[in-house]
Amino acid sequence: MWQTRGAWGRIDRDDAVDAWGGWSLFQTLLQTLKRIASKHGVTIPNLAVKYILDQRGVAGSMIGVRLGLSEHIQDSNAVFSLALDEDDISSIEEVTKKGKNLLQVIGDCGDEYRR
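Numbering (my numbering), first residue to last: -7 to 107.
Among the hints, erroneous ones may be present.
Unchecked claim - Pair ranges (Cβ atoms, derived):
| no. | residue 1 | residue 2 | range |
| --- | --- | --- | --- |
| 1 | 36 | 95 | 17 to 25 Å |
| 2 | 90 | 7 | 26 to 34 Å |
| 3 | 45 | 79 | 27 to 35 Å |
| 4 | 48 | 72 | 27 to 35 Å |
| 5 | 31 | 99 | 31 to 39 Å |
Stated by the list, open to error - Here are the computed lysine-lysine pairs in the DSBU-like style, where the Cα-Cα straight-line distance is at most 35 Å:
| no. | residue 1 | residue 2 |
| --- | --- | --- |
| 6 | 92 | 31 |
| 7 | 89 | 31 |
| 8 | 89 | 26 |
| 9 | 31 | 90 |
| 10 | 92 | 26 |
| 11 | 26 | 90 |
In case anyone wonders, no lab produced these hints; they're calculated from the structure. Computed from a predicted model, the values in this text were never measured in an experiment. A virtual CB, placed ideally from N, CA and C, is assigned to each residue, including glycine.
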(Lines of atoms letter the chains of each structure in order from A and count residues from 1; the text may use other names and numbers.)
(Lines give C-alpha, C1' and ligand atoms only; values in the text may rest on other atoms or scores of the structure.)
Protein backbone atom coordinates (compact mmCIF):
# COMPACT_ATOMS: atom_id res chain seq x y z
CA MET A 1 0.00 0.00 0.00
CA TRP A 2 1.20 3.51 -0.82
CA GLN A 3 2.24 5.62 2.18
CA THR A 4 2.74 9.35 2.67
CA ARG A 5 5.58 10.90 4.66
CA GLY A 6 3.28 13.14 6.63
CA ALA A 7 0.20 12.66 8.75
CA TRP A 8 -2.25 9.93 7.86
CA GLY A 9 -4.51 11.01 5.03
CA ARG A 10 -2.23 13.87 4.02
CA ILE A 11 -0.69 13.79 0.57
CA ASP A 12 1.80 16.61 0.13
CA ARG A 13 3.62 17.82 -2.96
CA ASP A 14 6.78 15.81 -2.27
CA ASP A 15 4.78 12.61 -1.84
CA ALA A 16 2.94 13.14 -5.13
CA VAL A 17 6.07 14.07 -7.11
CA ASP A 18 8.00 11.09 -5.74
CA ALA A 19 5.10 8.73 -6.44
CA TRP A 20 4.77 10.03 -10.00
CA GLY A 21 8.41 9.73 -11.03
CA GLY A 22 10.66 11.96 -8.94
CA TRP A 23 11.97 15.50 -9.06
CA SER A 24 14.17 15.04 -12.12
CA LEU A 25 11.25 13.92 -14.26
CA PHE A 26 9.04 16.65 -12.77
CA GLN A 27 11.64 19.29 -13.72
CA THR A 28 11.71 17.88 -17.25
CA LEU A 29 7.93 18.25 -17.38
CA LEU A 30 8.12 21.84 -16.12
CA GLN A 31 10.76 22.73 -18.74
CA THR A 32 8.60 21.20 -21.47
CA LEU A 33 5.52 23.08 -20.26
CA LYS A 34 7.50 26.34 -20.05
CA ARG A 35 8.71 25.97 -23.64
CA ILE A 36 5.20 25.32 -24.95
CA ALA A 37 3.63 28.05 -22.80
CA SER A 38 6.19 30.58 -24.09
CA LYS A 39 5.43 29.54 -27.66
CA HIS A 40 1.74 30.38 -27.09
CA GLY A 41 2.32 33.44 -24.87
CA VAL A 42 0.52 31.93 -21.86
CA THR A 43 1.52 30.83 -18.38
CA ILE A 44 2.39 27.27 -17.37
CA PRO A 45 -0.80 27.01 -15.24
CA ASN A 46 -2.93 28.09 -18.25
CA LEU A 47 -1.23 25.51 -20.43
CA ALA A 48 -1.66 22.78 -17.82
CA VAL A 49 -5.36 23.55 -17.36
CA LYS A 50 -5.95 23.55 -21.13
CA TYR A 51 -4.11 20.24 -21.53
CA ILE A 52 -6.20 18.65 -18.78
CA LEU A 53 -9.47 20.09 -20.12
CA ASP A 54 -8.67 18.57 -23.51
CA GLN A 55 -8.39 15.07 -22.01
CA ARG A 56 -11.17 12.61 -22.67
CA GLY A 57 -13.54 12.32 -19.75
CA VAL A 58 -12.59 15.69 -18.22
CA ALA A 59 -15.47 18.14 -17.97
CA GLY A 60 -13.96 20.84 -15.78
CA SER A 61 -11.01 22.11 -13.81
CA MET A 62 -10.88 24.01 -10.53
CA ILE A 63 -8.61 27.03 -10.57
CA GLY A 64 -7.53 28.30 -7.18
CA VAL A 65 -8.21 31.91 -6.23
CA ARG A 66 -7.39 34.14 -3.30
CA LEU A 67 -10.05 36.32 -1.74
CA GLY A 68 -9.54 39.95 -2.68
CA LEU A 69 -7.09 39.28 -5.50
CA SER A 70 -8.48 39.54 -9.01
CA GLU A 71 -5.40 40.18 -11.16
CA HIS A 72 -5.31 36.58 -12.40
CA ILE A 73 -8.84 36.55 -13.83
CA GLN A 74 -7.81 37.94 -17.22
CA ASP A 75 -4.80 35.65 -17.30
CA SER A 76 -6.95 32.60 -16.55
CA ASN A 77 -9.28 33.46 -19.42
CA ALA A 78 -6.41 32.69 -21.82
CA VAL A 79 -7.26 29.00 -21.35
CA PHE A 80 -10.38 29.44 -23.49
CA SER A 81 -8.55 30.81 -26.55
CA LEU A 82 -5.55 28.48 -26.35
CA ALA A 83 -5.32 25.71 -28.95
CA LEU A 84 -2.64 23.07 -28.49
CA ASP A 85 -1.24 21.52 -31.65
CA GLU A 86 -0.10 17.93 -32.14
CA ASP A 87 3.54 18.86 -31.45
CA ASP A 88 2.54 20.41 -28.12
CA ILE A 89 0.53 17.38 -27.07
CA SER A 90 3.23 14.96 -28.20
CA SER A 91 5.90 16.86 -26.26
CA ILE A 92 3.85 16.77 -23.07
CA GLU A 93 2.93 13.11 -23.48
CA GLU A 94 6.54 12.15 -24.19
CA VAL A 95 7.36 13.26 -20.65
CA THR A 96 4.17 12.24 -18.84
CA LYS A 97 4.24 8.67 -20.17
CA LYS A 98 7.52 8.20 -18.26
CA GLY A 99 5.71 8.88 -14.99
CA LYS A 100 3.37 6.58 -13.11
CA ASN A 101 -0.41 6.80 -13.17
CA LEU A 102 -1.14 8.53 -9.85
CA LEU A 103 -4.71 7.28 -9.80
CA GLN A 104 -3.34 3.75 -9.71
CA VAL A 105 -0.54 4.57 -7.23
CA ILE A 106 -2.27 6.94 -4.80
CA GLY A 107 -5.91 6.29 -5.59
CA ASP A 108 -8.85 8.59 -6.05
CA CYS A 109 -9.55 11.69 -3.99
CA GLY A 110 -10.45 10.56 -0.49
CA ASP A 111 -9.36 6.94 -0.93
CA GLU A 112 -6.92 7.34 1.95
CA TYR A 113 -9.92 7.75 4.28
CA ARG A 114 -11.69 4.65 2.97
CA ARG A 115 -8.88 2.18 3.76
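Hints, verified against the model:
Evaluation of the 17 to 25 Å hint for residue 36 and residue 95 yields a pass: the beta carbon distance comes to about 22 Å. Evaluation of the 26 to 34 Å hint for residue 90 and residue 7 yields a failure: the beta carbon distance comes to about 19 Å. Between residue 45 and residue 79, the C-beta spacing of about 19 Å breaks the proposed range 27 to 35 Å. A hinted range of 27 to 35 Å is violated for the C-beta pair residue 48 and residue 72, which are about 19 Å apart.
The hint said 31 to 39 Å for the Cβ distance between residue 31 and residue 99, and at roughly 35 Å that hint holds. At most 35 Å may separate the alpha-carbon atoms for a hinted pair to count; residue 92 and residue 31 meet this at roughly 27 Å. Between the alpha carbons of residue 89 and residue 31 the distance comes to roughly 22 Å, so the proposed pair stays at or under 35 Å and holds. As the CA atoms of residue 89 and residue 26 are separated by approximately 18 Å, the hinted pair is consistent with the 35 Å bound.
Under the criterion of a C-alpha separation no larger than 35 Å, the hint pairing residue 31 with residue 90 is consistent with the structure, at around 23 Å. With a CA separation close to 21 Å, the supplied pair residue 92 and residue 26 stays within the 35 Å bound. In summary, the hint linking residue 26 to residue 90 is supported, as the alpha carbons are separated by about 18 Å, within the 35 Å threshold.
In summary, the numbered hints that this structure violates are 2, 3 and 4.
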